[in-house]
Amino acid sequence: MHFLPVVLPTDALIFLLLVTVVGFALYVRGKEHLRAPWREVKRSRMAAAALVVLLTYVLIGLLDSLHFRLPLPDNGAAKAEKEYSVEVLSLLDVIATPLRVRVEKTYSAPFAAHLYTREADERADGTEVRVFPRLKHGGRHLQDPDNERAADILAASARAVAISVLIWVGVCAALTAALAWRERISFKAMARRILRGETETPWRITLATLLVILTFAVWAALLSLKYHILGTDKVGQDVFYQALKSIRTGLVIGTLTTLVMLPFAVLLGIMAGYFRGVADDIIQYVYTTLSSIPGVLLIAAAILSLQVYITNHPEQFDTLAERADLRLLFLCIILGITGWAGLCRLLRGEALKLREMEYIQAAQAFGVGHFKIIWRHILPNVMHIVLISVVLDFSGLVLAEAVLSYVGVGVDPSTLSWGNMINGARMEMARDPMVWWSLCAAFMFMFTLVLAANLFSDVVRDAFDPRLRKQ
Amino acid sequence: MIAYITRRILYAIPILIGVNLLTFALFFVVNKPDDMARVHLGVKHVTPQAIEKWKAERGYDKPLVFNNSASGAAQFTDTIFFRKSVLLFVFDFGRSDDGRDIGLDIRERMWPSLAIALPALFIGLLANITFALLMAFFRATYIDVWGVVLCVVLMSISGLFYIIGGQYLISKLLHIVPISGYDSGVQSFKFILLPVIIGVVSGIGSGSRWYRTIFLEEIGKDYVRTARAKGLSELRVLFYHVLKNAMIPILTGVVVVLPLLFMGSLIMESFFGIPGLGSYTIDAINAQDFAIVRAMVFLGSVLYIAGLILTDISYTLVDPRVRLG
Amino acid sequence: MMMKRAVLSLMMLLCYALAGCDGRPWNNPYAAQDDRSNILYSSFDQRPKHLDPAQSYVENEFALIAQIYEPPLQYDYLKRPYTLIPLAARTVPQAVYLDKMAKPLPENAAIGDIAYSVYDITLQPGIRYQPHPAFARNADGSPRYLQLTPHELDAVTHLQDFTEHGTRELVAQDYVYQIKRLAHPKLESPIFGLMSEYIVGLKEYAETLRKAQAAEGRDAFLDLTQFPLEGATVLDRYTYRIKVRGKYPQLVYWLAMPFFAPVAQEVDRFYAQPGMAEKNISLDWYPVGTGPYMLTLNNPNRQMVLERNPNYHGETYPAAGMPGDREAGLLDDAGRPLPFIDKAVYSLEKESIPYWNKFLQGYYDVSGISSDSFDQAVRITTQGDAGVSEAMQEKGIRLLTSVGADISYIGFNMLDPVVGGLSERARKLRQAISIAVDQEEFISIFLNGRGIPAQGPIPPGIFGYVEGEAGINPYVYEWVDGRAQRKSIETARRMLAEAGYPDGRDANTGKPLLLHFDTALSGPDDKAYLDWLRKQFQKLDLQLDVRNTDFNRFQDKMLKGNAQVWQWGWNADYPDPENFMFLLYGPNAKVGKNGENAANYDNPEFNKLFEQMKNMDAGPQRQSIINQMLAIAQRDAPWVWGRHRKKFGLFHAWYKNAKPNEMANNELKYIRIDPALRNRMRAEWNVPVLWPLFALFAVLVISAVPAVISYVRRERRVAK
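These protein sequence lines are chains X, W and U, in that order.
First residue of the first sequence: 1, per our numbering; consecutive thereafter.
First residue of the second sequence: 1, per our numbering; consecutive thereafter.
First residue of the third sequence: 1, per our numbering; consecutive thereafter.
One thing to keep in mind: the hints can contain errors.
Dumping the calculated DSBU-like pairs for lysine-lysine here, alpha-carbon to alpha-carbon at most 30 Å [stated by the list, open to error]:
(1) LYS53/W x LYS211/U
(2) LYS100/U x LYS79/U
(3) LYS593/U x LYS53/W
(4) LYS557/U x LYS539/U
(5) LYS55/W x LYS350/U
Simulated from the structure, these hints should not be mistaken for lab results.
Hey, can you work out the whole structure from these sequences and the hints?
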């Protein structure tokens with residue numbers, strides 16, 4: 001099938017980040033002193049479990065970052081050029097097409113077969129009843145939802161568990177075989193070591209987490225074809241789909257914010273610490289000034305100006321998705337500007353320390369250029385600080401997105417994000433009977449991500465913080 | 001000491017000038033006063049004359065930084081930059097875009113903000129220290145492990161959920177306190193109770209985890225070992241020696257945020273209908289009242305810097321080793 | 001020991017502060033001593049920008065000042081269609097028509113002959129202003145507070161700091177003074193532009209004042225009594241005259257709005273004293289009127305309080321209403337003196353959740369319905385009638401509905417090369433879109449049935465609206481089985497093909513037709529709406545690109561004619577078809593003329609009919625012209641005729657005499673409250689539930705047990 005690839009700015013940056021991380025990992029492999037703390041992270045059971053969860057999120061986020069436009073169906077007229085839909089889809093959208101297109105009229109509860117609101121219906125004899133109409137898609141296959149539904153869900157769940165266990169056993173076998181081959185021991189011996197938790201990398205807990213996630217994924221995939229497993233929103237869109245789509249937004253804010261501010265923070269921080277003197281004074285002045293403005297106000301002011309810019313230059317943005325994406329990127333930049341001071345300060349301190357090191361003093365004595373010293377000796381030795389701060393800031397930024405969107409200066413209202421979901425849900429909370437599922441969905445997805453990120457960052461920090469390492 | 005404080009205050013001035021220039025650029029170069037006028041004049045019958053009128057009344061009709069038509073010093077003082085930005089340095093906030101005196105509003109609205117922020121801070125401090133001490137006392141047992149996990153779980157919940165959930169549960173279902181509103185005097189108690197509790201609960205995760213780290217660090221030091229070797233009970237060691245020494249980083253951490261308490265909590269206040277500075281700011285953002293936002297940006301920066309100075313001073317007070325550098 | 005005592009006293013304080021220990025609901029946000037008082041509790045969600053009657057033009061401001069100011073006329077509280085009756089005036093004034101030579105003309109004179117209309121308004125004597133420091137006098141009779149020294153002002157921070165009050169009788173001069181204020185260059189009244197077209201000499205008057213102001217200095221007080229205005233003159237103590245150009249029967253409607261309320265000259269002078277504005281003491285914040293209520297507390301950060309005006313001249317509850325009013329209990333108070341309520345407290349409530357829940361708990365007496373709280377509150381039948389749900393009925397909550405004198409529509413820019421113009425092609429395109437945008441679905445999803453689809457610009461309840469089959473828009477609806485039914489989407493697609501866009505593609509180039517929708521909407525609810533709108537256009541395979549802009553940019557775009565498709569609305573100023581039809585009148589276009597015709601629709605035939613219709617008196621002749629105009633507008637489809645909002649209000653059982661009124665805002669004086677009933681209900685609905693707190697406490701205690709055990713164990717080990 002033909003399609004027109006669309007690379008949004010954030011997509012490009014996400015893949016840039018991916019490349020950077022992979023490159024850094026390869027670099028670290030070769031350096032024993034940098035590897036040591038990471039090995040500690042690798043040994044931690046907590047980190048292993050959290051990492052599996054994080055990688056699942058990342059996978060979904062990456063799927064959602066491959067954008068393209070599908071061609072419009074041919075209407076027979078002979079033309080040379082193909083026409084493409086203005087709608088920008090991602091790979092995730094295509095995979096989740098059933099979720100995306102099966103739209104109900106309005107609210108329906110999770111696993112419901114009926115709408116959440118009553119509608120008047122006229123009977124044949126002219127009298128009127130208020131009924132909950134059947135959904136167009138959710139639970140359509142049931143004849144008598146009230147009696148059949150529980151059994152149907154149970155059967156589907158059992159099937160999901162069976163399928164996921166099958167897949168999981170396959171994965172386990174393949175992994176054990178691979179490890180056994182590498183360690184040059186028998187398959188059986190390897191399996192025993194994993195089962196007893198004797199491997200250096202905690203494979204047991206990794207595989208257990210994988211089982212949980214796999215089960216949930218298969219279960220959700222199977223059931224969401226039949227039901228709206230997290231209900232539908234006001235215009236009948238599937239909430240589960242919205243929550244999935246929000247993952248990318250959360251990840252983008254959490255990671256790109258640090259990425260876009262990195263060049264400045266790293267360069268300026270190291271320069272301040274390395275050169276000292278006037279450069280140090282100026283850089284310190286800049287970051288103190290920026291960090292002394294209350295973050296929310298700076299963000300609000302900047303977002304308002306961005307809107308002005310977008311309105312004045314509509315020709316630069318072909319599609320709604322591009323515009324929303326630009327705002328997302330801009331939000332990352334602004335968050336970065338409000339947040340880079342901390343990192344800059346840390347790096348400055350580290351550079352101050354490093355420049356007194358003997359080998360750098362020696363390099364200076366040999367007349368090696370300043371920038372070469374920075375590039376060759378200082379930068380590699382502060383990279384771990386950068387990485388830790390990416391990890392540590394991540395969860396805070398995901399939470400900040402929600403608050404900012406709630407205040408109205410966050411991501412574009414047309415971007416699906418947890419903040420926007422919560423913002424929408426505050427109206428729904430006032431309903432009675434309450435519409436709770438949007439809020440719950442946003443809560444669960446966000447909570448899982450942030451919890452995993454927090455646990456992971458805890459381990460990372462402990463590994464890198466020499467003071468606490470031996471506690 | 002006084003020389004030190006004076007020097008620190010003098011350092012703050014260039015920073016405030018920077019803040020001032022930045023906000024000026026954001027508010028006047030990017031958004032033209034015409035746009036502000038149109039927002040505020042409403043929907044019906046907006047004429048260009050009305051826009052001019054509106055600008056003139058609020059002094060937005062002047063040139064940005066240099067007034068050609070004036071003479072002498074007025075060339076610089078009779079400009080938007082001078083009137084709207086420079087005068088902030090003497091805390092002359094001017095009038096909001098809907099015509100109210102901002103300074104008056106700020107003075108009136110900071111009390112409700114403080115009424116919530118101060119108790120939340122101190123009760124939170126108490127609660128955090130208690131939990132952290134508990135965890136430190138039972139370190140390396142299941143209580144500590146689960147305590148830390150609980151902290152991380154609490155930290156991972158967005159503040160929005162604490163507010164929404166707390167209001168729903170306590171006010172709507174249990175009918176224990178009013179859903180929203182504010183009153184002055186003793187009457188305010190029932191209104192601030194829930195926001196304070198939510199403020200404490202939402203901060204307990206990160207707070208007690210942090211304090212726990214501080215306590216553990218302190219426990220690992222030699223003097224604690226010596227004290228224990230002398231036969232002091234674990235409780236006494238913890239409450240007397242460790243707590244006393246750990247209070248230095250804790251208190252200085254508190255001092256930093258102290259001045260910023262005036263700014264209030266943005267979301268909490270608007271959700272509970274507290275007429276404080278937080279909701280004032282949110283309203284101003286929503287109404288695009290740039291005069292208020294500008295004033296609050298400046299005020300926030302001043303308070304932030306005040307916090308930094310206070311921290312430095314408190315360091316020198318509690319820890320004589322810190323030089324008055 | 002100290003600790004214990006402190007805890008104990010804290011508990012006592014808690015108990016005292018929360019409950020007062022007397023069974024009063026803990027969550028009552030109001031002071032205990034107000035429980036039995038005759039107070040109405042309501043809310044506001046935005047602080048009013050203007051309370052000056054010359055400047056205020058927004059509903060939430062009218063809700064306050066309409067209780068304070070008394071214009072000459074008012075709408076009858078019970079009668080429908082809306083009928084004007086005297087308020088401060090003795091009678092509803094009749095126009096006297098004059099020709100160019102100022103000679104009186106007979107009542108049935110041709111419009112062309114009428115050069116001026118003259119209205120003489122005579123006031124009731126004995127009406128007095130509310131107590132106010134501006135009227136206070138010294139023992140020697142000189143004004144107490146009109147010559148304040150800076151020193152005297154230093155001690156003042158609120159209006160309440162002026163301790164002495166006075167009053168004075170209302171005179172014709174005060175009304176004339178306010179009409180002059182409409183032209184005051186400092187005030188920039190929103191209706192000045194419109195009124196200067198009619199009131200003789202008002203435009204020149206503004207110029208005179210501008211010059212005078214320039215001469216006297218920017219902040220100087222202009223005594224308007226020194227500057228005569230031809231269009232508004234005092235005839236005697238109680239009579240004044242308004243002179244307008246041509247025939248303008250709509251003037252009497254304006255006479256029922258606060259723009260034409262009285263303002264006393266000494267009040268204006270009082271507030272104009274230097275130093276007052278700096279303290280936020282101005283007419284814009286502290287209105288002074290003769291009405292049943294006066295604003296005694298104005299803290300826009302928290303609360304606004306209206307209290308009964310002790311000098312009120314008195315009025316009685318109307319004795320006659322419409323059929324059904326007696327059964328509804330609306331005539332129970334007939335003939336009794338107004339007002340009934342002593343005090344009305346408006347609290348700031350920004351978020352909808354607290355607002356709605358407080359209403360349900362009985363702490364607000366009246367509530368509009370937000371769409372999301374709807375299903376619990378209201379049931380709708382297929383006929384569109386609404387009733388309160390069972391749960392609400394049990395609480396004694398009543399629902400009243402009315403159709404708003406408003407319209408919200410999707411406009412096409414008639415200057416746009418694609419959707420605009422009067423060509424058959426563009427017309428067909430617009431008609432096809434009009435069919436595709438399913439208003440019935442919109443109303444059911446987003447308004448929960450609180451609206452009716454519009455057939456043309458004129459809403460029901462306004463002269464010119466046609467009921468039933470004759471009134472439907474034949475380009476969008478068919479009359480099937482006794483009700484209007486939207487034409488099928490196939491019809492729309494066929495029309496689209498006829499317009500040259502089969503399947504949404506340009507027949508010549510094959511390019512998909514992309515339309516731009518401009519909007520300033522950006523709230524959480526709006527996203528759902530925009531998604532829905534995109535879906536509507538997709539039904540025709542049309543691509544809709546939504547361009548979000550902030551509101552002032554949007555206004556700017558409209559003014560320049562850069563928008564293509566957008567959504568807008570209109571709220572009537574007065575119940576006359578002219579107030580809707582002028583939205584489509586060519587010379588009133590937005591582009592170039594900054595009028596209210598946002599679509600820039602300009603059909604000469606329509607324009608001609610409008611000029612004929614606008615100044616006619618209601619009657620069959622006017623109706624037939626309106627019908628012709630509607631037919632033209634429906635054919636040209638410059639708007640997707642959207643919907644008229646249905647307003648739903650919920651009232652507690654203790655809230656009496658409620659009758660929705662789209663035009664009048666001074667309903668507070670008719671309302672009666674039953675505080676005893678309210679107290680009982682509040683106590684019943686708000687019993688505090690404590691067991692979860694005890695349960696939580698128990699869980700905490702239990703979870704601490706293992707810790708204590710392990711501590712004890714460790715201590716023992718150490719002891720060994």
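Evaluation of the provided hints:
At most 30 Å may separate the alpha-carbon atoms for a hinted pair to count; LYS53/W and LYS211/U meet this at roughly 15 Å. With a CA separation close to 38 Å, the supplied pair LYS100/U and LYS79/U exceeds the 30 Å bound. Note on LYS593/U and LYS53/W: the hinted pairing holds, with a Cα-Cα distance of about 19 Å set against a maximum of 30 Å. Distance restraint check for LYS557/U and LYS539/U: the Cα-Cα separation of roughly 28 Å lies within the 30 Å cut-off, and the hinted pair is therefore satisfied.
Among the hinted pairs, LYS55/W with LYS350/U is consistent with the structure: their alpha-carbon atoms are about 28 Å apart, no more than 30 Å.
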